[in-house]
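There are 2 protein chains.
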Amino acid sequence: MMTHPPADPGALSPAEARALFRGGLVRPTSGFSRGFAQANLLAVPEDCAFDFLLFAQRNPKSCPVLGVLESGQLESELLAGGDIRTDVPLYRVYRDGALTEETPDVRPHWREDLVAFLIGCSFTFESALVDNGIAVAHIEQGVNVPMYRTALPAERAGRFSGPLVVSMRPIAADRVADAVRITSRYPAVHGAPVHIGDPAALGIADLMTPDFGTPVDVAPGTIPVFWACGVTPQAAVMESKPPLAIAHAPGHMLVTDARDLEYQVP
Amino acid sequence: MMTHPPADPGALSPAEARALFRGGLVRPTSGFSRGFAQANLLAVPEDCAFDFLLFAQRNPKSCPVLGVLESGQLESELLAGGDIRTDVPLYRVYRDGALTEETPDVRPHWREDLVAFLIGCSFTFESALVDNGIAVAHIEQGVNVPMYRTALPAERAGRFSGPLVVSMRPIAADRVADAVRITSRYPAVHGAPVHIGDPAALGIADLMTPDFGTPVDVAPGTIPVFWACGVTPQAAVMESKPPLAIAHAPGHMLVTDARDLEYQVP
Numbered sequence: 001m002m003t004h005p006p007a008d009p010g011a012l013s014p015a016e017a018r019a020l021f022r023g024g025l026v027r028p029t030s031g032f033s034r035g036f037a038q039a040n041l042l043a044v045p046e047d048c049a050f051d052f053l054l055f056a057q058r059n060p061k062s063c064p065v066l067g068v069l070e071s072g073q074l075e076s077e078l079l080a081g082g083d084i085r086t087d088v089p090l091y092r093v094y095r096d097g098a099l100t101e102e103t104p105d106v107r108p109h110w111r112e113d114l115v116a117f118l119i120g121c122s123f124t125f126e127s128a129l130v131d132n133g134i135a136v137a138h139i140e141q142g143v144n145v146p147m148y149r150t151a152l153p154a155e156r157a158g159r160f161s162g163p164l165v166v167s168m169r170p171i172a173a174d175r176v177a178d179a180v181r182i183t184s185r186y187p188a189v190h191g192a193p194v195h196i197g198d199p200a201a202l203g204i205a206d207l208m209t210p211d212f213g214t215p216v217d218v219a220p221g222t223i224p225v226f227w228a229c230g231v232t233p234q235a236a237v238m239e240s241k242p243p244l245a246i247a248h249a250p251g252h253m254l255v256t257d258a259r260d261l262e263y264q265v266p
Numbered sequence: 001m002m003t004h005p006p007a008d009p010g011a012l013s014p015a016e017a018r019a020l021f022r023g024g025l026v027r028p029t030s031g032f033s034r035g036f037a038q039a040n041l042l043a044v045p046e047d048c049a050f051d052f053l054l055f056a057q058r059n060p061k062s063c064p065v066l067g068v069l070e071s072g073q074l075e076s077e078l079l080a081g082g083d084i085r086t087d088v089p090l091y092r093v094y095r096d097g098a099l100t101e102e103t104p105d106v107r108p109h110w111r112e113d114l115v116a117f118l119i120g121c122s123f124t125f126e127s128a129l130v131d132n133g134i135a136v137a138h139i140e141q142g143v144n145v146p147m148y149r150t151a152l153p154a155e156r157a158g159r160f161s162g163p164l165v166v167s168m169r170p171i172a173a174d175r176v177a178d179a180v181r182i183t184s185r186y187p188a189v190h191g192a193p194v195h196i197g198d199p200a201a202l203g204i205a206d207l208m209t210p211d212f213g214t215p216v217d218v219a220p221g222t223i224p225v226f227w228a229c230g231v232t233p234q235a236a237v238m239e240s241k242p243p244l245a246i247a248h249a250p251g252h253m254l255v256t257d258a259r260d261l262e263y264q265v266p
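Heads up: the protein sequence lines correspond to chains Z and B, in order. The opening position of the first sequence corresponds to residue 1 in the UniProt record's numbering, with each subsequent residue numbered one higher. The opening position of the second sequence corresponds to residue 1 in the UniProt record's numbering, with each subsequent residue numbered one higher.
What the hints contain is simulated information worked out from the structure, not anything from laboratory work. Treat the hints loosely; a few may be bogus.
To be verified - Keeping only pairs whose Cα atoms sit at most 20 Å apart, straight-line, the calculated SDA-like set for lysine to any residue is: (1) B:K61 to Z:H195; (2) B:K61 to B:H195; (3) Z:K61 to B:E262; (4) Z:K61 to Z:H195; (5) Z:K61 to B:Y263; (6) B:K61 to B:P153; (7) Z:K61 to B:P199; (8) B:K61 to B:P199; (9) Z:K61 to B:K61; (10) Z:K61 to B:V265; (11) Z:K61 to B:P187; (12) B:K61 to Z:L78; (13) B:K61 to Z:P187; (14) Z:K61 to B:P266; (15) Z:K61 to B:S184.
Note that the structure is a prediction, hence the values are computed from the model and not measured.
Required output: the full structure, derived from the provided sequences and hints.
Below is the structure:
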């Protein structure tokens, strides 16, 4: 079982990356399989699946659905030859809304009736920002992006409700417009920012104490820019308490076979 | 009860247009409430709703979901103050996949457990084509767009499967690229064409015998351009035979309170 990190994770094919994680490697996936989209995972029992898919439809910026594995389905064209129960480096298991386990192999907890939702991840638009010469602080600092529960509710659907969760990137004031323009072209992976410049209006008291991820400095000359975040589904799970939910651990995403550029619109 | 057509249907607010249809006016909605999006309707029983929403998620070009009314819900922000059972000018009722009634008031057939899906309509991108000086033949001829069942299957989801249905517009050869560029900006209402120039590759033997709508000439110097069509859900209903489904009649759409421009991406 190979569990040591590869020399150049960006050069791995998505199938190679998934095989490493299936083999036991536990590692944040930032930088793996350059050019390929990564996905948030949320699996819920079939009798919650309509409500969750509707929650995603009503919250397209925070929960853009890239693919759905129906109950009993363990792979799809997004993870060809893979297994959704082993191919994410680290999983979180929620029972009645409470985090009960964190594990690299979720097979002991999986159920036949789970429906797995693969949700777009900001890594795709971050690559586009970097390719356009826009500095992204948490990437430069090698840490996870800071994320915040806001005072704004997500749109409710059936049993699912919860706060909108946002990620924050400080952007140089003269590149904020460019950052909007560039991320607008990726509506399938959170798209344009939901808010620019005023944390208080989102109910965020202190940018240095994020609810998830790692704080980053808002350097002089930069403006805090907020995007809808794929952790919103996990916040809804915590609030809505389905009997079982299985998610990725923050930063430990599914590496998919879809190219980032497939999600670009004009 | 006012049932005569208004002098300038384009000037009506969406609420005024819906009130006319609720009052008994039966008329195709092309040209009503200029600048506002119209929607395809498909309502199915709650126990089919997950499968249909998944079908839509897997077929985003033919079935872009603008909104969902949960069981028991008769209005939403897309039809504020309205009633989904009366505000479409003409409905079609399908039982076990067979069209059994066409009626302007579907209340006698409605059930408490129906979930109603509002699906984007090509009128939105047609307005953008016309605004950009691209002639659209069926609009100039005052007829419904020609639509064809293709030999290509839509992506299956649960009990729903069926052919991809496309609409065809002949576009001047020197504007085909513009038509692609313009409609690409509206992914929520069918987006870019799925095919350009070769009906046979879609399994269409004769453009002059469409499966739905009205044939239009492909004039010299124009190229047939094919877009995914919102009739795809009705074709899936015919093939998949849910016990009950309620849809709009072709061309008789729901006039919504959403502006066309809300669906434009950069």
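Taking the hints in turn, this is what the structure says about them:
A distance of roughly 28 Å separates the Cα atoms of K61 of chain B and H195 of chain Z; the hinted pair therefore is violated under the 20 Å criterion. Proposed proximity of K61 of chain B and H195 of chain B is supported: the alpha carbons are some 12 Å apart, at most 20 Å. Restraint check: the Cα-Cα separation between K61 of chain Z and E262 of chain B comes to about 14 Å, which is no more than 20 Å; the hinted pair holds. Using a Cα cut-off of 20 Å, the hinted pair K61 of chain Z and H195 of chain Z holds, with the two alpha carbons roughly 12 Å apart.
Simply put, K61 of chain Z and Y263 of chain B have alpha-carbon atoms about 13 Å apart, close enough for the 20 Å limit, and the pair holds. Distance check on the hinted pair: K61 of chain B and P153 of chain B sit about 13 Å apart at the alpha-carbon level, within 20 Å; holds. Distance restraint check for K61 of chain Z and P199 of chain B: the Cα-Cα separation of roughly 36 Å exceeds the 20 Å cut-off, and the hinted pair is therefore not satisfied. Between K61 of chain B and P199 of chain B, the direct Cα distance comes to roughly 18 Å. Compliance with the 20 Å bound is thereby established for this hinted pair.
Straight-line distance between C-alpha atoms of K61 of chain Z and K61 of chain B comes to about 18 Å, which keeps the hinted pair within the 20 Å bound. This hinted pair checks out: K61 of chain Z and V265 of chain B have alpha carbons roughly 13 Å apart, not beyond 20 Å. With a CA separation close to 14 Å, the supplied pair K61 of chain Z and P187 of chain B stays within the 20 Å bound. Between K61 of chain B and L78 of chain Z the alpha-carbon distance is near 18 Å, which keeps this suggested pair within the 20 Å criterion.
The straight-line distance between the Cα atoms of K61 of chain B and P187 of chain Z is roughly 14 Å, inside the 20 Å bound, and the hint therefore holds. Restraint check for K61 of chain Z and P266 of chain B: the C-alpha separation of about 15 Å stays at or below 20 Å, so the hint holds. Between the alpha carbons of K61 of chain Z and S184 of chain B the distance comes to roughly 19 Å, so the proposed pair stays at or under 20 Å and holds.
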